[in-house]
Each structure stands twice: as structure tokens, then as C-alpha cells.
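Top to bottom, those sequences are chains A and B. Take the first sequence: its position 38, counting from 1, is numbered 37 in numbering that gives the first Met the number 0, and each next residue is one higher. Take the second sequence: its position 310, counting from 1, is numbered 309 in numbering that gives the first Met the number 0, and each next residue is one higher.
Simulated from the structure, these hints should not be mistaken for laboratory data. Please note that the accuracy of each hint is not assured.
Pair by pair, the computed Cβ-Cβ distance ranges are [to be verified]: (1) A:D76 <-> B:P77: 32 to 40 Å; (2) A:A50 <-> B:G193: 47 to 55 Å; (3) B:G158 <-> A:V104: 50 to 58 Å; (4) B:E102 <-> A:K113: 49 to 57 Å; (5) B:E102 <-> A:S77: 15 to 23 Å; (6) A:H42 <-> B:E204: 21 to 29 Å; (7) A:R35 <-> B:A101: 17 to 25 Å; (8) A:A50 <-> B:A352: 51 to 59 Å.
A few chain B residues that don't get close to chain A, going by computed Cβ distances all over 12 Å [claimed, not checked]: (9) P38; (10) I41; (11) Q59; (12) R85; (13) A94; (14) A101; (15) K104; (16) G105; (17) I159; (18) E189; (19) A205; (20) A237; (21) A259.
Partner residues are not named here, just some residues of chain A that face chain B (Cβ under 10 Å, in silico) [what the hints assert, rightly or not]: (22) A36; (23) T78; (24) W90; (25) G111.
Glycine included, each C-beta is placed from N, C-alpha and C at the ideal position.
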Amino acid sequence: MRAARGIAGLIVLGALISATAATTPAPNRSPATHARALPHSAHPYPAEFPAGNGHLIAERACAICHSPMLVTQQAKDSTGWEKTLATMEKWGAPVSGADHDTLRVYLVSHFGPKRK
Amino acid sequence: MERRRFLLNLSLAGAGAAALGSLPPGARRALAAIRSAPPGVIVRNDWPEHWETSIEALGQSFHTPNRVFFVRSHLPVPEIDAKSWRLEVAGLARAPRSLSLAELKGFPAHEEECVLECAGNGRARYGLPSTSGTQWEYGAVGNARWGGTRLSDVLNRAGIPPEAKHVWFECADRAPLDSTPRFLRSIPIEKAMGGALLVWKMNGEALPLLHGAPVRVIVPGWFGMASAKWVTKIRLEAAPSDNHFMVRGYRYNYPGVDPAAAGPVQELRVKSLITSPLDGAVVPAGRVPVRGLAWSAGSPISTVEISSDGGTTWRPAKLGATGRGAAWSEWTSDAELKSGEGVTLAARATTVAGETQPPAAQPNAGGYGNNSIHVVTLHARG
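Turn these sequences into a full structure, and let the hints steer you where they fit.
Written as C-alpha cells, this is what we have:
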């Protein structure tokens, strides 16, 4: 929230702030190094579809071409998922007519729009 | 590599491509783990690889090391035998030709230092209620030395007729399903002749497979999708490509604007990043050293400014190492922080051409081009 207030402050004040007249030191060509051990790689999204009516369809239709992670990080309403499904089916995702609605409902249920 | 091939063969055997989807989860995980992400990488998608570089890793060196350099592949990484690889130069070329890697390397060598940034970098930071695409935060960007030859040299050798206005790049990657469009980008002939490269070296090392080996395109100053990987064919054409990734993808669709009029995503936008302190860090109250990076499509960075009071006042940072052309610049500064939780620190870059970062970039449906001012929240104690 505090970060959000900070950003809001920037937005409000941004238009009022005139460009700085500060002088800039001449650049040099000596890049600094700040090497230290890095933490292990992060995996912020589930790599499997969550259980639920439709997850087997998702496994079968989506994971032909890409990891479930590409789905599990999304947030879309019904219209958004319908558009995505239409594109994926046009590109060959094997979703039968009966499975289409089940899959859309599953996706909206698990990966619906973010609440503000 | 053998293990990967085994798994691919396993997945594609018998029932065809659909079998990949029926692989048990353990086998799919193994497929993804073959190119396991190193420390410093955030895996936004495990296959195809969408790897983001952590801000901490970006802050460690002027040239982003190959092992942590962000990866964005539209389609699975192809298997290419460099010995049999050929680059066709075709379309309207007066003298179409097919070049081996050795023949391509016979052209004058050239190295360019530049930033490569995914057009969707920062998409997650738009905070859109409905999203599409990989949810990149800050690190789908890197700065490298790209070694190869000028695209203009190759095109000139093939002969450019006056009617050739665009250069199309066809690539070796393809989806498991043939009905999925191939990835293809084209750029205007002026851009192709004005600094684009055919690259086989990255930071002085052989170009890694994940980054497009044996040969990729680098278009300095443009977002990453223009820099096609695994290129196999260059076509001189009169018109831009009508491929999905040109006509529908990579367009700025703003709310209330006719999608048919959406402009193409092309040039990088001026941007800066605070690499230290990291967001959420606990720092001692008082004078705190700050450092970061700033870049643009090519106009040199003239100033980077720091604000620790929500944008009321700004202080200039000191510019440090600066690359040529569209490489990034390092900067350092310090900020006087009063004791408190949730103290914000912001950085704003401006170019010689007068382009400056907005407090908040205008959201667009694809989540492209987010160059909003970077803000970190710190906890100043003591």
C-alpha cells in the first residue's frame, strides 16, 4: 500500500515537476562489478494445473505446446479466456465442442481476473 | 542433450504431437529441468523457456552474463546442426544465395554493444485486472556485446533492388502442432541497413542455443522480438510480413482505440532501473548509496534523477560506464532516508533527445513498453 501511495504521489506530482537543470558528469568506461552469490532460480507459478473439473482437458489440450505455467500465471475474465481459447483452437489445440465450455469455466474459475 | 532428445522422441512417438500432452507430469518436469535455470534467474515459464534475470543479477555487471541473460522463446528451441545449417538470402534479392556458417563468417566481423529488452518487460507491473502473456516484472532485459557481421553487408552482396522495402526473417523454431504459425518478423529495409546484425557471438562466447545459435538477428534499439533467433532465411520483400506476430501480436492496443489502427511495437523506450538497494530491503537510515542502469533506443542518457520524497524533489545521479549506441549506462547516487517503514525511492531517466520516463506508462492490452518510473520501497531503520 505504501508503495502504491508512493507511485500515486509520483503520478500526481510528475506533471508539476520541471526537468532538472543539473549538470551531468562526463561518462567513463569503467564498468563497476558487484559480484556476489545469487540466490537459486525462482519459480513463481505452479507448474501443474490445479485439480478440478476441466484440468484433464487443460493437460491434454494446452500442455501439448507449453508448460501449464503459461496458464497458471494468467488472470482473465470469461471473454478473455474465450478469446485465448479461440486462438489456441485455431492453432490446433484439440478441444472438442463439448470440452470447450468446460475448459473455459475451469480457466475462469482458477485464473479469473484479479480483484482490485 | 541426449536426454532431451530421448524425451522428445518419447513424447512425439506413435500418436504424434498430442502425446506430449499425455506425458506424465514427472516426465514433463524432467524435460523442463534439462535446461535448468541457473541462480539469478526467475523462471516465468519452464517450456518454452521464459527466463527473467533478477534485478540483483542485472546489477552485478555492465554486460549481463550469458548464463543469466533473459530468455524469451515463442516456440520450442529447435535442434540445429551448425555444420549443415544454411542461411538463404532470397525473395527479391538480385542474386539469391545460400550461405554456410563458414561463408557467413567470411564477411567482415563486427561487434555491437546493445540492450536487448523484451517488449513485454514490465507487463506484470501494469497491474491490469485481466492479463495476457508472460508476466514479466523488471528483468526481461540485458546488455551484451553481440558479435557477427552486418546484415547490410550480406544484403548488399545479394543485391537489393529498389522495390525491396522490407526484410523478412524466417526461423527454425516451430510448434509441436503444424497448424500453429511459425515465428516470423520483418523489419523495414532502412533498419536492416542501418545497424542490424547477424550474430554468432555473445559477450565474446559462442552464441548459446537458447539465444538463437547458430545465428540470430540483433536489431539495436528495438524490442527483442525483432531480433529473431535461429534464423534460416532472409527474404527481401516489397511489403512487411503479414505473419501473426507482425499483424496481431506486438501492437499497442490502447483502450478505446480501434485495434486496426494499433501501432507496431518497435523502438525501446527510455527506462531506468534501481539495482541497489533492492525493493523491500532493510537499510540504515541516513545516507544510502543507490545505483542502477538506464537505457533507451539509442539516444544517449543525459540524466538520471533520484527522488526519495514521492516525486516532490529530484536529485541528479552520477552517470558511470556508458556503452556505445543502444547499450545501457550505469549510474550511482545516494539518498538521505529518514527512519521509517515503507520509504520509497524512485529513479527517472532522460535522454539527450528529451525523452523522459513517465510516472506511469499508459497501459495497453498486450502489456507492452512499460517504462514507468521505477520505485522501490525500503525499510530505513536506526
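Each hint tested on the structure:
1. A:D76 <-> B:P77: 32 to 40 Å: holds, 35 Å
2. A:A50 <-> B:G193: 47 to 55 Å: Since A50 of chain A and G193 of chain B have Cβ atoms about 53 Å apart, the given range 47 to 55 Å holds.
3. B:G158 <-> A:V104: 50 to 58 Å: With Cβ atoms ~57 Å apart, the hint holds.
4. B:E102 <-> A:K113: 49 to 57 Å: holds, 52 Å
5. B:E102 <-> A:S77: 15 to 23 Å: With a Cβ separation near 54 Å, E102 of chain B and S77 of chain A fall outside 15 to 23 Å, so the hint is violated.
6. A:H42 <-> B:E204: 21 to 29 Å: For H42 of chain A and E204 of chain B the Cβ distance comes to about 26 Å; the hint holds.
7. A:R35 <-> B:A101: 17 to 25 Å: violated, 41 Å
8. A:A50 <-> B:A352: 51 to 59 Å: The hint (51 to 59 Å, Cβ to Cβ) holds, given that A50 of chain A and A352 of chain B are roughly 54 Å apart.
9. P38: It is violated; P38 of chain B is separated from chain A by about 4 Å at its closest Cβ, not greater than 12 Å.
10. I41: Label violated. Min Cβ-Cβ 5 Å, cutoff 12 Å.
11. Q59: Since the minimum Cβ distance to chain A is about 5 Å, Q59 of chain B lies within 12 Å and the statement is violated.
12. R85: About 27 Å separates R85 of chain B from the closest Cβ of chain A, which puts it past 12 Å; holds.
13. A94: holds, 37 Å
14. A101: Given a closest Cβ separation of 33 Å, the condition holds.
15. K104: holds, 28 Å
16. G105: holds, 31 Å
17. I159: Holds: least Cβ distance 34 Å, greater than 12 Å.
18. E189: holds, 28 Å
19. A205: Given a closest Cβ separation of 23 Å, the condition holds.
20. A237: Since the minimum Cβ distance to chain A is about 28 Å, A237 of chain B lies beyond 12 Å and the statement holds.
21. A259: holds, 16 Å
22. A36: With Cβ-Cβ at 7 Å, under 10 Å, it holds.
23. T78: Check passed: Cβ of T78 of chain A comes within 8 Å of chain B, closer than 10 Å.
24. W90: Status holds, d = 4 Å.
25. G111: This interface hint holds because 9 Å falls under the 10 Å limit.
In terms of the numbered hints stated before, the structure departs from hints 5, 7, 9, 10, 11, listed from lowest to highest.
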